[in-house]
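Q: Sequence:
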Amino acid sequence: MTASTAFHLLDERIQRFLWVEQWEALRDVQELAIPLIVAGDQDVIVAAATAAGKTEAAFLPALTHLLQHNPAGLIVYVSPLKALINDQFGRLERLCETLEIPVWPWHGDVSSSVKSRFLKKPSGVLLITPESLEAMLCNRGTAVAGAFSNAVYFVVDELHAFIGSERGKQLQSLMHRIDSVLGRQVPRIGLSATLGDMQLAATFLRSGRPVAIVETGSGGATLKVLVKGFEEPARLDKAPGPNDGLSTTAIARDLFTNLRGSNNLVFPNSRREVERYAHLLSGLCEEARIANEFWPHHGSLSREIRNDTEVALKQKDRPATAVCTSTLELGIDIGAVKSVAQIGPPPSVASLRQRLGRSGRRRGESAILRGFVIEDALGSQSTFSSQLRLDVVEIAASISLLLENWFEPPVTHGAHLSTLVQQLLSVIAQYGGMNASSAYRLLCGSGAPFEGLSPAMFTELLRHLGQEKILQQDGSGLLLHGPRGDQLVNHYTFYAAFLNDEEFRVVTGGKALGTLPVHQLLVAGQRILFAGRTWLVESVNDSDKTIFVTPSKGGAPPLFSGTGGRIHSRVRQRMRELYRGSGLVRFLDPTAQRFLDEGRLAYQGLALDERWLVDQGPYCLLLTWLGDAANEALACRLSAAGLPSALAPLGVEVTKGDLRTEVIIERVMALAHEAMPGVDDLLAEAKNLQRQKWDWALPPKLLRATYASLNLDLDEAQGWLASVHSLPNDA
DNA sequence: GACCTGCTGCGGTCTG
Numbered sequence: 006m007t008a009s010t011a012f013h014l015l016d017e018r019i020q021r022f023l024w025v026e027q028w029e030a031l032r033d034v035q036e037l038a039i040p041l042i043v044a045g046d047q048d049v050i051v052a053a054a055t056a057a058g059k060t061e062a063a064f065l066p067a068l069t070h071l072l073q074h075n076p077a078g079l080i081v082y083v084s085p086l087k088a089l090i091n092d093q094f095g096r097l098e099r100l101c102e103t104l105e106i107p108v109w110p111w112h113g114d115v116s117s118s119v120k121s122r123f124l125k126k127p128s129g130v131l132l133i134t135p136e137s138l139e140a141m142l143c144n145r146g147t148a149v150a151g152a153f154s155n156a157v158y159f160v161v162d163e164l165h166a167f168i169g170s171e172r173g174k175q176l177q178s179l180m181h182r183i184d185s186v187l188g189r190q191v192p193r194i195g196l197s198a199t200l201g202d203m204q205l206a207a208t209f210l211r212s213g214r215p216v217a218i219v220e221t222g223s224g225g226a227t228l229k230v231l232v233k234g235f236e237e238p239a240r241l242d243k244a245p246g247p248n249d250g251l252s253t254t255a256i257a258r259d260l261f262t263n264l265r266g267s268n269n270l271v272f273p274n275s276r277r278e279v280e281r282y283a284h285l286l287s288g289l290c291e292e293a294r295i296a297n298e299f300w301p302h303h304g305s306l307s308r309e310i311r312n313d314t315e316v317a318l319k320q321k322d323r324p325a326t327a328v329c330t331s332t333l334e335l336g337i338d339i340g341a342v343k344s345v346a347q348i349g350p351p352p353s354v355a356s357l358r359q360r361l362g363r364s365g366r367r368r369g370e371s372a373i374l375r376g377f378v379i380e381d382a383l384g385s386q387s388t389f390s391s392q393l394r395l396d397v398v399e400i401a402a403s404i405s406l407l408l409e410n411w412f413e414p415p416v417t418h419g420a421h422l423s424t425l426v427q428q429l430l431s432v433i434a435q436y437g438g439m440n441a442s443s444a445y446r447l448l449c450g451s452g453a454p455f456e457g458l459s460p461a462m463f464t465e466l467l468r469h470l471g472q473e474k475i476l477q478q479d480g481s482g483l484l485l486h487g488p489r490g491d492q493l494v495n496h497y498t499f500y501a502a503f504l505n506d507e508e509f510r511v512v513t514g515g516k517a518l519g520t521l522p523v524h525q526l527l528v529a530g531q532r533i534l535f536a537g538r539t540w541l542v543e544s545v546n547d548s549d550k551t552i553f554v555t556p557s558k559g560g561a562p563p564l565f566s567g568t569g570g571r572i573h574s575r576v577r578q579r580m581r582e583l584y585r586g587s588g589l590v591r592f593l594d595p596t597a598q599r600f601l602d603e604g605r606l607a608y609q610g611l612a613l614d615e616r617w618l619v620d621q622g623p624y625c626l627l628l629t630w631l632g633d634a635a636n637e638a639l640a641c642r643l644s645a646a647g648l649p650s651a652l653a654p655l656g657v658e659v660t661k662g663d664l665r666t667e668v669i670i671e672r673v674m675a676l677a678h679e680a681m682p683g684v685d686d687l688l689a690e691a692k693n694l695q696r697q698k699w700d701w702a703l704p705p706k707l708l709r710a711t712y713a714s715l716n717l718d719l720d721e722a723q724g725w726l727a728s729v730h731s732l733p734n735d736a
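Here the numbering used here runs 5 ahead of the position in the first sequence, where the first position is 1.
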């Protein structure tokens with residue numbers, strides 16, 4: 006420890022604490038970050054793998070700065086999760102107690118007495134969520150200057166979880182608004198898992214100013230991968246209803262055999278599948294007369310049930326495997342995990358990478374990934390997708406990109422005008438009204454979160470919000486809340502920037518089990534799977550949004566629905582390379598390899614290398630081999646040109662109507678020479694563009710703009726059109 | 001269209 010120069014930069018009281026705690030050495034990331042942060046005068050990103058000591062890398066030097074330069078100073082730590090705030094409070098409190106620095110947790114579960122005590126003497130470390138920060142600015146506008154006057158640092162944890170989302174835009178805006186009140190830029194520290202493009206993260210943290218970057222590698226951990234294929238026989242009865250498929254049962258048996266006795270994570274891609282597998286696996290434990298080792302975990306389960314699963318994973322004396330959704334992708338500490346199972350293609354390479362980051366964290370151990378994929382038995386009725394074996398090719402493409410250390414960059418170019426509506430209302434609450442030009446400067450000016458929105462667009466937004474009675478102007482031109490704006494702001498749901506589905510509570514004997522999406526059809530007497538068990542629905546109360554259930558025996562269809570997600574162009578291109586290739590992919594088992602070979606055969610049989618258009622009777626399939634953002638843009642372009650089109654698995658589907666295929670080919674090729682129309686014309690006929698929380702409050706033009714910025718890749722679509730005349734097409 | 005995350009102030013009742 007004494008050999009470390011970084012160690013000697015820390016305050017003596019912190020050095021002494023580390024001695025007492027018997028720290029042997031600073032971690033790499035700490036050595037590198039301490040000299041950059043201790044001066045308290047620049048923005049820094051600290052990127053390292055989970056559990057590499059990032060939090061200390063930020064707090065040890067930031068606290069040193071506080072002790073030596075600004076004893077009444079304040080460090081503001083922002084977390085995406087309440088659970089993380091509670092974790093960090095535990096970790097920081099002991100150190101800070103010896104330093105006589107107060108630590109203040111602040112989120113929805115923290116009592117108001119703690120909050121008012123902080124506001125009386127706002128110094129030390131504040132641990133807060135973006136939503137609570139929003140509430141503070143909104144409701145205590147006059148207290149903001151005082152509360153943050155001694156702010157030394159903003160520390161943003163799990164930065165990667167914010168980049169590209171509504172919450173990320175909101176957080177940028179909140180930090181910018183506080184800087185604006187203080188009339189200075191409070192230095193920012195971003196803590197993150199390793200990211201592909203650090204420059205994107207740096208620009209997100211602060212635009213228009215250099216950001217120092219500390220990045221340490223993943224430590225060269227090895228990865229063992231095996232993907233197993235399962236063939237689902239054709240159903241003879243063709244009965245609709247629950248798919249209690251043989252493959253699902255076979256996968257459950259495989260998981261039971263291989264995962265028993267150790268800690269693992271299993272990721273089917275939906276809550277519905279989590280329920281199905283957790284139920285099957287618990288049943289297998291019961292059959293084998295052993296204690297249950299498989300626990301469900303997803304966002305609809307109650308905190309209590311999720312806790313049981315987390316505790317089971319953490320405790321050392323009995324093995325436990327969680328069957329889960331992305332709830333266990335984020336930073337809560339669940340201890341080391343031996344392997345990760347992915348059932349079906351992952352939502353993205355980035356999420357697969359995040360999931361895998363949970364495995365092989367003990368020294369000398371490899372990370373283990375077990376992939377599972379189900380394909381239907383081929384027959385005369387097999388669909389195009391089924392013949393091509395899309396799922397096995399997609400999971401193979403994702404894993405091969407993962408092995409090359411590539412993953413999707415976050416989408417940082419979204420306009421997020423929904424969140425601008427929120428921020429406008431919040432700023433008006435904070436200042437008790439604001440004139441239009443000041444509001445524009447604050448939110449859309451240079452370095453502001455919504456920079457790039459033109460004054461004309463902003464004016465159009467204000468006019469529309471006025472018409473909708475969300476805003477109004479007083480005699481002096483001051484913007485104020487209109488009656489509807491007042492209602493919006495004065496409800497606690499205002500503070501979150503993101504939307505969520507309305508849900509029913511599921512209750513048994515007075516105990517809450519969790520929640521279910523409200524759009525499900527429910528009838529008394531029905532059996533449902535929930536929390537890995539079967540329940541009988543006793544009654545449903547519509548006004549209380551509550552479902553009362555009692556334990557029951559026997560299977561039933563689970564209640565969650567669907568799959569989705571957007572695929573990146575790079576994944577589609579890798580899929581095509583796999584179709585064009587030959588030979589073995591080393592991480593596929595014999596069945597999965599056979600699926601791939603069958604897909605390759607279909608690819609050749611359909612001559613997909615020699616054409617970009619496949620005639621499918623009532624419609625034509627345009628094969629772009631691009632990602633969904635490009636395909637959707639292309640579908641809009643074609644529809645606007647009079648060829649009604651929709652997204653398809655490998656490209657775009659054009660409805661032929663009265664047109665012959667040759668005419669469609671001609672008209673598509675003619676578009677190569679025409680410029681892409683503006684977004685407003687492109688989406689003129691498009692309906693159902695509202696995706697984000699306040700999208701409903703936007704005028705049509707701005708709704709189209711914000712939708713396109715998040716969902717469409719116009720350049721890629723135009724690039725494909727421009728190249729189409731040089732592609733072979735023996736249709 | 002998979003998944004995930006978050007939330008105030010006030011008025012009521014009860015306890016020490």
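Among these hints, one or two may not hold up.
[Said to hold, decoys possible] Restraint-style ranges between C-beta atoms, simulated for each label pair:
id : residue 1 : residue 2 : range
1  : A727      : R616      : 15 to 21 Å
2  : L589      : R616      : 25 to 31 Å
3  : P649      : L504      : 39 to 45 Å
[Unchecked claim] Here are the simulated lysine-lysine pairs, DSS-like style, with alpha carbons at most 27 Å apart:
id : residue 1 : residue 2
4  : K87       : K661
5  : K87       : K125
6  : K87       : K550
7  : K692      : K706
8  : K698      : K661
9  : K516      : K474
10 : K120      : K87
11 : K706      : K474
12 : K516      : K558
13 : K692      : K474
14 : K120      : K474
15 : K87       : K229
16 : K692      : K87
17 : K319      : K229
18 : K321      : K87
19 : K516      : K550
20 : K698      : K550
21 : K321      : K229
22 : K319      : K125
Hints in this document: simulated from the structure, not taken from any laboratory. Keep in mind that this is a model prediction, so the values were computed, not measured. Note that beta-carbon positions come from the ideal geometry of N, C-alpha and C, so glycine has one too.
Q: Work down the list of hints and note, for each, if the structure agrees.
A: Here is what the structure says about each hint:
1. A727 <-> R616: 15 to 21 Å: holds (18 Å)
2. L589 <-> R616: 25 to 31 Å: holds (28 Å)
3. P649 <-> L504: 39 to 45 Å: With a Cβ separation near 29 Å, P649 and L504 fall outside 39 to 45 Å, so the hint is violated.
4. K87 <-> K661: Answer violated: K87 to K661 is near 52 Å, above 27 Å.
5. K87 <-> K125: holds (23 Å)
6. K87 <-> K550: holds (25 Å)
7. K692 <-> K706: holds (13 Å)
8. K698 <-> K661: violated (36 Å)
9. K516 <-> K474: violated (42 Å)
10. K120 <-> K87: Measuring from Cα to Cα gives roughly 15 Å; hence the hint holds.
11. K706 <-> K474: holds (19 Å)
12. K516 <-> K558: It holds: about 19 Å lies between the C-alpha atoms, which stays within 27 Å.
13. K692 <-> K474: Given pair K692, K474 holds - Cα atoms ~24 Å apart, limit 27 Å.
14. K120 <-> K474: violated (33 Å)
15. K87 <-> K229: Violated, at roughly 34 Å.
16. K692 <-> K87: violated (37 Å)
17. K319 <-> K229: holds (24 Å)
18. K321 <-> K87: Distance ~25 Å between K321 and K87 Cα, so the pair holds.
19. K516 <-> K550: Distance ~15 Å between K516 and K550 Cα, so the pair holds.
20. K698 <-> K550: At roughly 22 Å apart (the allowed maximum being 27 Å), K550 and K698 satisfy the hint.
21. K321 <-> K229: holds (24 Å)
22. K319 <-> K125: violated (38 Å)
Hint check: violations occur at hints 3, 4, 8, 9, 14, 15, 16 and 22; the rest are consistent with the structure.
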